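Using the sequences and the hints given, assemble the complete structure.
2 protein chains.
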Amino acid sequence: MRLTLYTDFSLRVLLYLATKEAEELSTIQEISDRYQISKNHLTKVVHELGKMGLIETVRGRGGGIRLNVKPEDINVGELVRKTEDDFYLVECFRPDGNHCILSSACRLKGALHEALSAYLAVLDKYTIADFLVNKEELAAILFSKPL
Amino acid sequence: MRLTLYTDFSLRVLLYLATKEAEELSTIQEISDRYQISKNHLTKVVHELGKMGLIETVRGRGGGIRLNVKPEDINVGELVRKTEDDFYLVECFRPDGNHCILSSACRLKGALHEALSAYLAVLDKYTIADFLVNKEELAAILFSKPL
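In order, the protein sequence lines correspond to chains S and G. Note that the numbering used here has the first sequence beginning at 553, numbered continuously upward. Note that the numbering used here has the second sequence beginning at 553, numbered continuously upward.
A couple of the hints might just be wrong.
Put simply, identical chains are the same to the list, so a pair is met inside one copy or across any two.
Only pairs whose alpha carbons sit at most 30 Å apart, straight line, appear in this in silico DSS-like list of lysine-lysine [what the hints assert, rightly or not]:
(1) 622 / 687
(2) 677 / 661
(3) 591 / 603
(4) 634 / 661
(5) 634 / 697
(6) 697 / 622
(7) 687 / 661
(8) 634 / 677
(9) 572 / 596
(10) 622 / 661
(11) 591 / 661
Think of the hints as simulated: they come from the structure by calculation, not from any bench. Fair warning: this is a prediction, and the values are worked out from it, not measured in the lab.
Given below as structure tokens:
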């Protein structure tokens, strides 16, 4: 059981931006360098987070990206529901490709739905702000060494 | 977020065998035909379920497989923990490949662990027997048409 890389990177980008001061800008290059993850992937992630209204892009020389909402307004459960395109735990969860002969009568599906709901209900309790209680420590890790 | 095909098929094989009468034998060919899933995949799944002690193989002419334990003794949470080789929701869950710079200080990890525990705790409440309350309906779907 995994979350997609897309969810993983989305969370990391939001944590990165939330660790900076409110108006401070970051670049995709800088985030890519700090996390050592592909700039191409990050560009897509930032684009999607922008479409969700979570990131603002300031264009031009000296431009960059920053959070468009407060960390306490970014709910993790809500985010993960958007970044995970695929909660098809087993075949009968797929609206398009469900060929399991048992599907109409199977009670297992209900148990798996219940488990997934419990998973997301935990994430619903958290916002990005909850992961900033040790913000100084995060900032030291992310920004103390020159790039 | 998905479970592996291996987990999906394991659950389906156990449901299939549990829907038969206690001592009745099934063949991998028959299960493959009923579910329309690859016999090769099923052979591996059955082998692993055998190693876990959940399936018994009767060799020779007229042989086949059947449950080695009662459906009420097959806990779904326990099974899924064994069949999912990979609960690495995000990179920092990997013991081997964890390169996320934040890993040592990141509180998000705790929230994801908590969510995963909630997921598995729901599955821990169920055994295969819980999905047999409509056993006659399942049997009608699985066995009523000749192969």
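Quick rundown of the hints versus the structure:
no.: 1; hint: 622 / 687; in the structure: within (14 Å within a copy, 52 Å between copies)
no.: 2; hint: 677 / 661; in the structure: both (25 Å within a copy, 14 Å between copies)
no.: 3; hint: 591 / 603; in the structure: within (18 Å within a copy, 44 Å between copies)
no.: 4; hint: 634 / 661; in the structure: both (22 Å within a copy, 19 Å between copies)
no.: 5; hint: 634 / 697; in the structure: neither (33 Å within a copy, 42 Å between copies)
no.: 6; hint: 697 / 622; in the structure: within (26 Å within a copy, 59 Å between copies)
no.: 7; hint: 687 / 661; in the structure: between (41 Å within a copy, 15 Å between copies)
no.: 8; hint: 634 / 677; in the structure: both (16 Å within a copy, 28 Å between copies)
no.: 9; hint: 572 / 596; in the structure: within (21 Å within a copy, 50 Å between copies)
no.: 10; hint: 622 / 661; in the structure: between (37 Å within a copy, 21 Å between copies)
no.: 11; hint: 591 / 661; in the structure: between (39 Å within a copy, 23 Å between copies)
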